[in-house]
Structures are given as C-alpha cells and as structure tokens.
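Trainee: Here is how the chains run, residue by residue.
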Amino acid sequence: MSNQVNREVILIIPMFPNIELAAAQTAFSLAEMMDFDEDDIDEIQLAIIETCINAFEHSKSEDNRVSIKFIMRDNELELKITDCGVGFRLDHAKPAKIGEVGLKKRGWGLEIIRNMMDEVSIESSDKGTTITMIKRKMAPIRGEAISNA
Amino acid sequence: MRFNLVTRTEDSYAVIQTEGYLNGPSGEKLADTAKELIAEGYTKLVINLEQTRLINSIGISILIEIIELIHQQEGVVHFCSLTPVIQRTFKIMGLVQHAGIFPNEGAAIANL
Chain A
6 MSNQVNREVI LIIPMFPNIE LAAAQTAFSL AEMMDFDEDD IDEIQLAIIE TCINAFEHSK
66 SEDNRVSIKF IMRDNELELK ITDCGVGFRL DHAKPAKIGE VGLKKRGWGL EIIRNMMDEV
126 SIESSDKGTT ITMIKRKMAP IRGEAISNA
Chain B
348 MRFNLVTRTE DSYAVIQTEG YLNGPSGEKL ADTAKELIAE GYTKLVINLE QTRLINSIGI
408 SILIEIIELI HQQEGVVHFC SLTPVIQRTF KIMGLVQHAG IFPNEGAAIA NL
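Here the protein sequences come in this chain order: A and B.
Residues 6 to 154 (this note's numbering) are what the first sequence spells out, left to right.
Residues 348 to 459 (this note's numbering) are what the second sequence spells out, left to right.
Hints are computed from structural coordinates only; laboratory data are not their basis.
Note that the structure is predicted; figures quoted are calculated from it, not measured.
Be aware that one or more of the hints could be misleading.
[As the list claims (entries may be wrong)] List of simulated lysine to aspartate or glutamate pairs, EDC-like, C-alpha gap at most 20 Å:
no.	chain 1	residue 1	chain 2	residue 2
1	A	Lys65	A	Asp131
2	B	Lys438	A	Asp44
3	B	Lys438	A	Asp123
4	B	Lys382	B	Glu412
5	B	Lys438	A	Glu116
6	A	Lys85	A	Glu13
7	B	Lys376	B	Glu387
8	B	Lys382	B	Glu421
9	A	Lys74	A	Asp123
The task is simple: from the sequences and hints, build the whole structure.
Mentor: So this is what it looks like as structure tokens:
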C-alpha cells in the first residue's frame, strides 16, 4: 500500500495564550480534508493542544516559538512539533499515578498524548525538543497487536 | 475563542453549562462560579459540557479542584454530555472514580 507524502504544511506559532487553538484548528482542517472521523480529529486536536502547552510551559525557549509540521500521507497524518528550548529528560516526565494522595492535578500531558495518537516519539536535548506523532486512519484498537498475516 | 457559562439553580441543585474551549483561564471562571454556588449552599452540581468540544489538561486539573471542593462540603458533582474523547481523558486522569459521568443532563440530575 502506498503511503507517500502527499502534502506538507508548516505552522510556526508564538507562545501566546490560546494560540494552541490555531494549531488545533489547522489540524482539524487537514484531518477533515483527509476524511478522518470526528473522534480521531478530536484526538489529534487534544494531542496537539497538550504538546503545545507543554512547550509553552516548560521549554524555556528563547525564541518563544513552536514549529509544527503536518505531513499528510495516504493513510496517516504525522505531526512534528518542535521547540528550541532547554529540553527535558524522559525519565523525569513519568505519568502521574492515580489515587496515591487524592487526585493528581498536573503532569498528564504526555500520558494523554500517548493515549490519543497511534505512535509517539520524543527527541529532546539541551537544544530543544521534537515530539513526533502519527494518527492512522482505521487504526487497530489500541493495545491490540498488529498482525502481519 | 469565546467561553461562556450559563448557570441554573433549582431547589436542591445547580447546573452549570459551559460553552467553548475549557483551558486554564476558562476553568478558573468555572471554578469561581462553582465556589459562588457552594457559598450559596448548593453542594449538588451538574456540569454540562455539551457545548465544549475542546479541553486541555490544565482545564481538567481545575475540574479536579472543583470535585475536591465539593467533596469537602460532602456534596456531589456530576458531569454530562461529554464527547467520547473528553470522557476518555477524564478516565485517563482518574476523574471517573470521583465524579459521576452521565450521557445527558436529565440522567445526571436524576442521579444526584
């Protein structure tokens, strides 16, 4: 099955309050054009919002910008979200655990992103962070092994 | 994006209906409204999210604060009319163990 790159869109947003909605709106338009269903589009939008607000809150980026590359293929939408901040260590970004001492209020961003998308990878150094995530059309049920048969 | 709240009070409960993106600032507006209702003696709340399609984890963290506030008053808070993705996010963050989730406002009110 062909899965070639058909179109790419690059969006660069400043770290302004609520500007993550511009990224979410762009994702909505592209995913709708690609015929993703409504729930998939909501998942993509939530993942992109969480990624952007993580960058806004934690990157300490001097240029105060986030770059988002949308790569449209036949059956998937790939997002590459990059900041030029200080980076973070993955082992310092453990998902919060439920019910230890009441409800944990913050620190859920990465856990939510991983739950919303089919693939998520993170590259981070002291020069910045890139989170790459993919949403496939008609993806298998999450947690179900993909058969090669 | 504009965020609106509509509040309705009945004898023993109050309903807050949200409209728009639920993030930190709009979550704070919602929390302020919930606090005002609690101060007026309403400890049974329904939060109707039918008109909210986008939410973020900061907004949800403020909903958690509202749940904790209501529990301190020995009250109850139910949420209703969530999109499937918001409902799944509530599950990921553990809200479903501490607040009722109902498909519509009538069911939420009936279970207060």
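Trainee: Would you mind marking each hint as holding or not holding in the structure?
Mentor: Evaluation of the provided hints:
1. For the given pair, Lys65 (chain A) sits about 11 Å from Asp131 (chain A) by alpha-carbon distance, which is consistent with the 20 Å threshold.
2. For the suggested pair Lys438 (chain B) and Asp44 (chain A), the alpha carbons sit about 16 Å apart, so the restraint of at most 20 Å is met.
3. Annotation: proposed proximity of Lys438 (chain B) to Asp123 (chain A) holds, straight-line Cα distance about 18 Å (limit 20 Å).
4. Restraint check: the Cα-Cα separation between Lys382 (chain B) and Glu412 (chain B) comes to about 11 Å, which is no more than 20 Å; the hinted pair holds.
5. Of the supplied pair hints, the one linking Lys438 (chain B) and Glu116 (chain A) holds, its CA atoms being roughly 12 Å apart against a limit of 20 Å.
6. A C-alpha spacing of about 11 Å is found between Lys85 (chain A) and Glu13 (chain A), which places the hinted pair at or below 20 Å, so the restraint holds.
7. A hinted pair counts as satisfied when its Cα atoms are at most 20 Å apart, and Lys376 (chain B) with Glu387 (chain B) qualifies at roughly 17 Å.
8. Taking the CA atoms of Lys382 (chain B) and Glu421 (chain B), the gap is near 14 Å; set against the 20 Å cutoff, the hint holds.
9. Our distance criterion of 20 Å between C-alpha atoms is met by Lys74 (chain A) and Asp123 (chain A), whose separation comes to about 17 Å.
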